[in-house]
Amino acid sequence: MSYLQTKVLSHAQRVRKLYKDALREMYAHYYERAHVRFWCVMLRAKFDEHKNEPDMRKAKQLLLEGEKKLQENRHPFPFKFPHSPGGVAYGRHPPTPDWILDTWHPLEKAQYPEYFARRDVRKREFIERWEKKYGKSEDSHHH
Amino acid sequence: MSLNKKLMIPILCAVFLYCVAMFLWVFGVYMVGSTEQSYMVEWQFFSLCSSVWSLPIIVDYISVIFSCFVCLISGSVSLFSMSYMEGEVYMKRFMMLIMAFVGSMNLLIFVPSMITILLGWDGLGIVSFALVIYYQNKKSLAAGMLTVLVNRVGDALLILVICFLVNWGEWRIGYGMTGSYSMLVCFLVVVGAMTKSAQIPFSAWLPAAMAAPTPVSALVHSSTLVTAGVYLVIRFYSTLIESQEVLWFLSKMGVLTLLMAGLSACYEVDLKKIIALSTLSQLGLMMFTVGIGFPLVAVFHLLTHALFKALLFLCAGSIIHSTMDSQDGRILGSLNYLLPFSSSCLVLSSVALCGMPFLSGFYSKDLILEGAFSGFSGVLEIVIMLMGAGLSLIYSLRILLVGVFGQSYGGGLSMYETESGYVVCSICVLSIGAIMGGWLLQSVWVEVNGFSLVGVFGKLVISVVTFVGLFYSFVNFFLSKILSKKNPSGVSWFLSGMWFMNLASGSFLAGVGLKLGKTMHLCLDLGWMEVLGGQGVFSVLGSGVSLSYLTQKGSLLVYIRMFMVMLIFLMVCINVFY
Amino acid sequence: MKSPNKLLFMFLMISSTCLVASSSNWLTTWMGLEINMLGYIPLIFLKDNAMESEAAVKYLIPQSVGSTIFISSAIISNYFNNLQILMLIAMCLKLGVAPFHFWFPPVMATLQLIPAFILLTWQKIAPILVIASLNTLLLKMIMPIAVISALWGGVGGINQTDIRSLLTYSSIGHTGWMLASIASNHMIMFSYLLTYILINASIFTFLLKENMKSYKQLFYSKESTKMFILTISLLSLGGLPPLTGFLMKLLVLMFTEAKMVIIFGLITGALMSLFYYLSLTFSVLLNMSKINLTKHMMNTKESTLFLLSQILPLTMILFFF
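Chains as they are written, first to last, in this note's numbering: chain A, 1 to 143; chain B, 1001 to 1578; chain C, 2001 to 2321.
These aren't lab readings, by the way, just hints derived from the structure by calculation. Each hint should be verified, as a subset may be incorrect.
[As the list claims (entries may be wrong)] Chain C is faced by these chain B residues, among others (derived, beta-carbon under 10 Å):
1) Q1552
2) F1563
3) M1566
[Stated by the list, open to error] Where chain C lies over chain B, by a calculated footprint (3+ residues, C-beta under 8 Å):
4) 1539-1546
5) 1568-1575
Note that CB positions come from ideal geometry on N, CA and C, so glycine has one too.
Please work from the sequences and hints to get the whole structure.
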């Protein structure tokens, strides 16, 4: 856990993070759905076992042990869905910037009349809001 | 069915490449291969300082068959990319890159001159870089940089070879020439070839290059580009035989790569990366075969391997395309129900890779194993090689078990697609190659027919190894059905990380290089080079200029006096020294 | 050069050089040299101003000193063979080679363009022929002088703003190269000299056309095509590799019998002189994109001369291969 800590986490939050992380890890380790489910249930049971731990020191100890164990048993290839961050196809088809639509030819725009009419209205509203908030811009060119 | 203009380009390319392949097969292979004649055209530009500048073109069985297969595979890939790249806007650019690749590959194949080989070699490096970063995300860029930089190392070594070959007076290769620095030249060529074929210190780029689109991986990173290194070594073999130490080194590195890639493939979960690692292990096997002295067998294996590996990649590509870019083995599964055609061809090619009798891989792989027994190699080497061969069975079956027969964890069935006609067509062509290729080649090319005599013991060992691999993987598969807790240990980290090769060639080298570069910049560029170079010369010249102004300041009488002084001085000097 | 007396002196100058070239004894040689000098001095006067008179005096005195030393050492060397070296040094003084070059830049700086051209080119022929006809043992001693000349030609030319001074120093450097080539093969020396004269001819044609003296004028010239050709000629004079001037230097290097130290000095000098040629021509070269060489523009007298001066010397290479 060598990440830079930017906010204070309560004990409960850390436990929840640990649980979620460990659940994710199960998907990396097992190929069979049934195995994954089985070990997830086992994991839940282990967490539930100490759900109502009255002694805070012991709870802290358990949490640290759990985090250590998770780190030690990381899978070399973490499980990622292809299009989610870190996956193989992430960023493969970058989203088109909105202003590209401004560069369309009027004939092209005419093919989607409703959409562009709505878009023009929204744009005008946006500019109005902007000018109300920050004052009038000297540059008359807007994207 | 109306083809729009965008799709015309790959169709044209595919038809063209198929026609070339057909032409090369019918005329080239039956004319050259069966009569065992080689033709060589050489155009000599000029001879300067006793170095011959010439453009040789060699047409022999190796080059013709290799070129034929390159065209066949790239034709299939073009056809395949009709479906795989259907969302692509710049189809023309993609096909141009593919054709540039085929062009530089053929330059490499047909012209056995070091300089032209360097041209083709550089072309391959650049095109493969452009193809790896084809998807414009960060991962591809990182992989592309790794690829192109490792290939650059090879280019630099080949340029060094060209420099040293000036001593031999020509840059043509493949005549069994030797000369001064023979050993160094051989070593440089072999290490250069190892970068292209991703042998052990340079292995990290091949799995990373799987960030390219799958048709590209099928063409570039499995069957043709990476075999360019092996091809160079084979062409250079007649010279290499003179320096046995280099061959010894090559065989050791090859067999280590075989083991490393095989073990890593057994841990990898990404479908494409498993195939890439299996390619790597087969490349190691080829290098090993050349190293122990069977270049012809290595060529044979190279050719059959190209066929079934391209098929394997196309099937994987079809699967990846149909399941919305999923290539993780833990997501994939049950493909035998979902994509029966692709998965059956996947099975076929995996089986060919394992060396199933009478499929392509059988002919070549069997020859290699037999050759290893009769060649000059140590016991440990052979043991590791047999382990590697056994591992090839394990990882092939692993692909099938995790992908084809396992449980699926994708989205809903509505997300799946089926193969289009183009995919079916291209896969069919390559399947025929994978089934018949070995047999056809052996029938055309009589030289590789059973030449080695192996005892009963050797044969037995080969079959035992094969069956042990099969047995082990099945046992492992059924054991995995049993509920047990798996904890990855340090060893598995080591093995799955390709023996930490990617760390060594990525972070380590980059770190050292950057540090060294900074030191050089500070000490040389901003330090000594300034003092001894630009600034120093400038100050010296400045004082010279002021001296010349000083001497030109006086009047005519001063000049005459100076002349007299000079005259007497020179007279004294000359009379003293001469 | 309209008055008939100029023609007479021109004739004297040319015929005396021929006399030097064809003479068989030192006396006739000396005579030829004297007549040559006397024939050249009236040619200096184009505008009859004080500058030109000064130049004439500055030219006359070192030349006559040289001739005196030459004829006296020629007489004495009958008895003291060692003193033949004095003839060599006297000729070096007449040529304006580096340790004895002090009269050369001031004279050139005050001359008009046409006499300057004659001084740079034609006036070199006679002394060099004399040096070439000296004893070959003496010619070995010429190498240090050649190196000093080449180096000094490089050093002195840096920081010069006057084109004539620049050409003077470049001539000093080139004379060093010529002296280095004398020891190997006379053919090379002749072709070097001829190339040098031709390239200078093409440069001076342009300079005369524009009446250019300071090199800052190069920046403001209107006719970009001519500027381009002038630039190429200058670079050729400096010996930039693909051009003719370089081929001549290459010939010298290939056939010379000099030691490595000498060759190193020569090359260093050539590099330094190339530096000032390049700094002179950078502004023009960087404007190359604006230049369009059409067929019409290449049909002028200057461009023809330029092409001739660049191509004719190349044919002389045929003698050597």
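Results of checking the hints against the structure:
1. Hint status for B:Q1552 relative to chain C: holds, with the closest Cβ pair at about 6 Å, below 10 Å.
2. A distance limit of 10 Å between C-beta atoms decides the matter here; for B:F1563 the minimum to chain C is near 6 Å, and the interface restraint holds.
3. Taking 10 Å as the C-beta cut-off, the interface hint given for B:M1566 holds, the closest approach to chain C being about 5 Å.
4. Counting residues of the segment 1539-1546 of chain B whose C-beta lies closer than 8 Å to any C-beta of chain C gives 3; at least three are required, and the coverage claim holds.
5. Only when three residues or more bring their CB closer than 8 Å to a CB of chain C does the claim for the segment 1568-1575 of chain B stand; here the count is 4, and the claim holds.
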